[in-house]
Amino acid sequence: MYTNLAIPRQWSRLACLCRSLTSVEGQKLPQVGKSSDGISPPPRIPRGPTDILQALAATVGTDPTAAHYKYHDDPYLIPLSNFRKRSYALSAEAGKKAAAWVRDQHPELFTTREWDPPMKMKTPYFNADPHIEAFAPKPIYNDESKVTEEDLVYTIKNALLEDAVKVFELLGGVDNVNEELKLYLLQLICFYNEKEPISNEWIEERWFSTAVKERQSTTWKLGGLADKIFTSMDPKTPEAYCSLIQGMAKYYQAERAYALSREALENNIPLSTDVYNSLLVCIGFLKEGVTLRVEALLELLNEMNQQGITPNTGTLTACLRSLSAWGGGKTLQNMALQIIAEFKNIGIEPNLSAYYYLLCLFCKERGPRIDILSGILTELEKKESLDPEDIVDTSFFITAMSVCSEHLQDMNLAERVHELLMKGDNYKLVGDAYKESIYYRHLVTVACRYAPFEKTMGLLDTLIPNIYVPEPTVMEEIIKVLELGGAGERLSESWSQLVVFGHARRLRLVERLLEAMCACISYQDEEVKAKIRKSAADMLKFYQMAEERNENVSTRTPVQKLSAAALSNIIDLCSTGEEPESWEAIQLAVNELGSASGAGRADVISAVATTAAKKGQHALAASALTYLAECGFPEAMSASVDTLSVMLNRSTEEVETILQGTDLEGKLQESAMAVVQAYRMSKAGEPLRERDSSASSSDSESSSDEE
Numbered sequence: 001m002y003t004n005l006a007i008p009r010q011w012s013r014l015a016c017l018c019r020s021l022t023s024v025e026g027q028k029l030p031q032v033g034k035s036s037d038g039i040s041p042p043p044r045i046p047r048g049p050t051d052i053l054q055a056l057a058a059t060v061g062t063d064p065t066a067a068h069y070k071y072h073d074d075p076y077l078i079p080l081s082n083f084r085k086r087s088y089a090l091s092a093e094a095g096k097k098a099a100a101w102v103r104d105q106h107p108e109l110f111t112t113r114e115w116d117p118p119m120k121m122k123t124p125y126f127n128a129d130p131h132i133e134a135f136a137p138k139p140i141y142n143d144e145s146k147v148t149e150e151d152l153v154y155t156i157k158n159a160l161l162e163d164a165v166k167v168f169e170l171l172g173g174v175d176n177v178n179e180e181l182k183l184y185l186l187q188l189i190c191f192y193n194e195k196e197p198i199s200n201e202w203i204e205e206r207w208f209s210t211a212v213k214e215r216q217s218t219t220w221k222l223g224g225l226a227d228k229i230f231t232s233m234d235p236k237t238p239e240a241y242c243s244l245i246q247g248m249a250k251y252y253q254a255e256r257a258y259a260l261s262r263e264a265l266e267n268n269i270p271l272s273t274d275v276y277n278s279l280l281v282c283i284g285f286l287k288e289g290v291t292l293r294v295e296a297l298l299e300l301l302n303e304m305n306q307q308g309i310t311p312n313t314g315t316l317t318a319c320l321r322s323l324s325a326w327g328g329g330k331t332l333q334n335m336a337l338q339i340i341a342e343f344k345n346i347g348i349e350p351n352l353s354a355y356y357y358l359l360c361l362f363c364k365e366r367g368p369r370i371d372i373l374s375g376i377l378t379e380l381e382k383k384e385s386l387d388p389e390d391i392v393d394t395s396f397f398i399t400a401m402s403v404c405s406e407h408l409q410d411m412n413l414a415e416r417v418h419e420l421l422m423k424g425d426n427y428k429l430v431g432d433a434y435k436e437s438i439y440y441r442h443l444v445t446v447a448c449r450y451a452p453f454e455k456t457m458g459l460l461d462t463l464i465p466n467i468y469v470p471e472p473t474v475m476e477e478i479i480k481v482l483e484l485g486g487a488g489e490r491l492s493e494s495w496s497q498l499v500v501f502g503h504a505r506r507l508r509l510v511e512r513l514l515e516a517m518c519a520c521i522s523y524q525d526e527e528v529k530a531k532i533r534k535s536a537a538d539m540l541k542f543y544q545m546a547e548e549r550n551e552n553v554s555t556r557t558p559v560q561k562l563s564a565a566a567l568s569n570i571i572d573l574c575s576t577g578e579e580p581e582s583w584e585a586i587q588l589a590v591n592e593l594g595s596a597s598g599a600g601r602a603d604v605i606s607a608v609a610t611t612a613a614k615k616g617q618h619a620l621a622a623s624a625l626t627y628l629a630e631c632g633f634p635e636a637m638s639a640s641v642d643t644l645s646v647m648l649n650r651s652t653e654e655v656e657t658i659l660q661g662t663d664l665e666g667k668l669q670e671s672a673m674a675v676v677q678a679y680r681m682s683k684a685g686e687p688l689r690e691r692d693s694s695a696s697s698s699d700s701e702s703s704s705d706e707e
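Numbering follows the UniProt record's numbering, in which position 119 of the sequence shown is assigned residue number 119; successive positions increment by one, without gaps.
Please keep in mind that the hints were generated in silico from the structure rather than gathered at the bench.
Bear in mind that the values here come from a model prediction, so they are computed numbers and not experimental data.
Any given hint could turn out to be false.
Result set (EDC-like, lysine to aspartate or glutamate): computed pairs, CA atoms no more than 16 Å apart in a straight line [stated by the list, open to error]: (1) LYS166 x GLU150; (2) LYS250 x ASP390; (3) LYS531 x GLU578; (4) LYS455 x GLU477.
Listed next, with one range per pair, are the computed distances between beta-carbon atoms [said to hold, decoys possible]: (5) GLU180 x GLU133: 21 to 27 Å; (6) GLU266 x GLU108: 53 to 59 Å; (7) PRO49 x LYS383: 26 to 32 Å; (8) GLU179 x ASP63: 56 to 62 Å; (9) GLU581 x TYR523: 21 to 27 Å; (10) ASP461 x LYS383: 27 to 33 Å.
For each residue, glycine too, the CB sits at the ideal point set by N, CA and C.
Kindly generate the complete structure, drawing on both the sequences and the hints.
If you want it as structure tokens, here you go:
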């Protein structure tokens, strides 16, 4: 019974297998030749696993205004300030660090999987499918570890410097390790100078780390393990000499590196091109003065020629690096051009690092204006793509944009540099977050200063805020451009941008924005004027709330108060409207004038006093006039007469007659009497407070709203 059912089922499975094999064979395309029916199919094109995705992405294109893929697509979660971007990315990477800590501290948890089948053999570390070496726990070496040479090979291969040294000591040191492994360890130690290298696993930490200029001083570890291993090697191979010389030269132990190279030549030990390149970099530490240094550089190049050593692109870069480090002047510039011409004659073209050092040599900050960048861009634009060859390649674009902004002040060249960066896959050469921010700082600055208004606005809309968040100095340039262009609506939006970008506490920037609004509000539409008034009122509320917070909570960087000039600008802006919110802001600003630093604008305050009297807000008018009188402004007398004329509904002549009387107590209301007191105070010419003409300018550039 069961046999009759099983056989047809097996036959059906076999038939299905045959059909699948037939379909697979039918999908195979012949590589060459023709088929029997005369049709010649095209040869098979090998495809990668992501080729289809790349083809689909090419049909859509990229959105230049989109946020980075590492941030969420939810617009409410995308960080819009430099502080929040850094915190967001580093927080995400902190989770990876926590997982790595668990993996390294508790490797026993990763030896087997509980959900493996019972009959499956559980081999430690290798039961996952597929096995990923980076996710596996790393071996731990201590004084009790039993190690072999395979462990030393593993640590050297994975650049685990501390573990490699530990295993080397456990194996017995220089006496019990073969020469080949000693050479490999020597190369590792010379490359890192016996310091554990920074892990490439933490991409975000390296991306947001503040770039520190390389200190050109001797940091080579004298008498260290590298010297011991080199001394113990017998015979000393050319590879050992090359490794030690390059390590010493890399960490600026120039004299010993040069002496070791002389020793190698005396012993007829050949040196590599990379050794001479490293010696060319540190040749300036051996000689004093430009003339002697140039002679020493030429001697090394001639020595390479005599030894039959072929130079490469690194040789050209090393020469230009040394020349740029020795200063400027016609001598070094002509020498650099001659070296480039000689290398071109032998078929070696400069790379981005060479062009970077060339810009450093010709475009000094206080030197004459030399346009060498145009020729460089012409050469680079001929290439399909720019492949990175050196870590210094990432400094080219930031330096080129700096030259366009500060040295040449040319927007056309800046556009060519930016187009070259955006061409193909060249954006990988922008560098880390620090260099990227400086690059866009120079780009936006040169656009604000030398580009047409429409082009500048288009660039700002593309870059801000997802790609670039302007620094305070750049925001000041943007506000200046908006003021000159009369863009009132954009100025009103600038306050919200200051809040989002973390610049709202920068008093100097806020005061500059208020000045720009006051200069533009007179010729704006009513709708735009309303937006400007709302922004001014929001500024006042923001600083009032910050002041209350300072009183209740002790902060490291307390927010400064708005100056009297800034409060006057807020009064001037809000006095153009009829909204209750605007006049509430005026009342608050007038009350804050008494404790503000600097001097307010007398014309604005006197005008708002008269307007307030017309609106029936007599107390506000009296407060404004009292401030003018206490500060000793001469406008206080005429403003008091005009305001009292409105309050009493009398002509100015009648008001002046009334003011001549001495017995006015009980005859006038409280607000009117306060105006009379302000008039008499101003007439007496004795201000109650000293006016400070200089507003507080100690705006900290390092503070932010998030701190």
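A quick look at each hint next to the structure:
This hinted pair checks out: LYS166 and GLU150 have alpha carbons roughly 14 Å apart, not beyond 16 Å. Between LYS250 and ASP390 the alpha-carbon distance is near 14 Å, which keeps this suggested pair within the 16 Å criterion. For the given pair, LYS531 sits about 13 Å from GLU578 by alpha-carbon distance, which is consistent with the 16 Å threshold. Simply put, LYS455 and GLU477 have alpha-carbon atoms about 15 Å apart, close enough for the 16 Å limit, and the pair holds.
For the pair GLU180 and GLU133, the supplied restraint of 21 to 27 Å holds, since their beta-carbon distance comes to about 23 Å. At about 56 Å, the beta-carbon gap between GLU266 and GLU108 stays in the expected band of 53 to 59 Å. The hinted range of 26 to 32 Å is satisfied by PRO49 and LYS383, whose Cβ atoms lie roughly 28 Å apart. Remark: the range hint 56 to 62 Å for GLU179 to ASP63 is upheld by a beta-carbon distance near 57 Å.
One distance hint, 21 to 27 Å for the beta-carbon pair GLU581 and TYR523, holds here, with the actual separation near 23 Å. Take ASP461 and LYS383: their Cβ atoms lie about 30 Å apart, and the range 27 to 33 Å holds.
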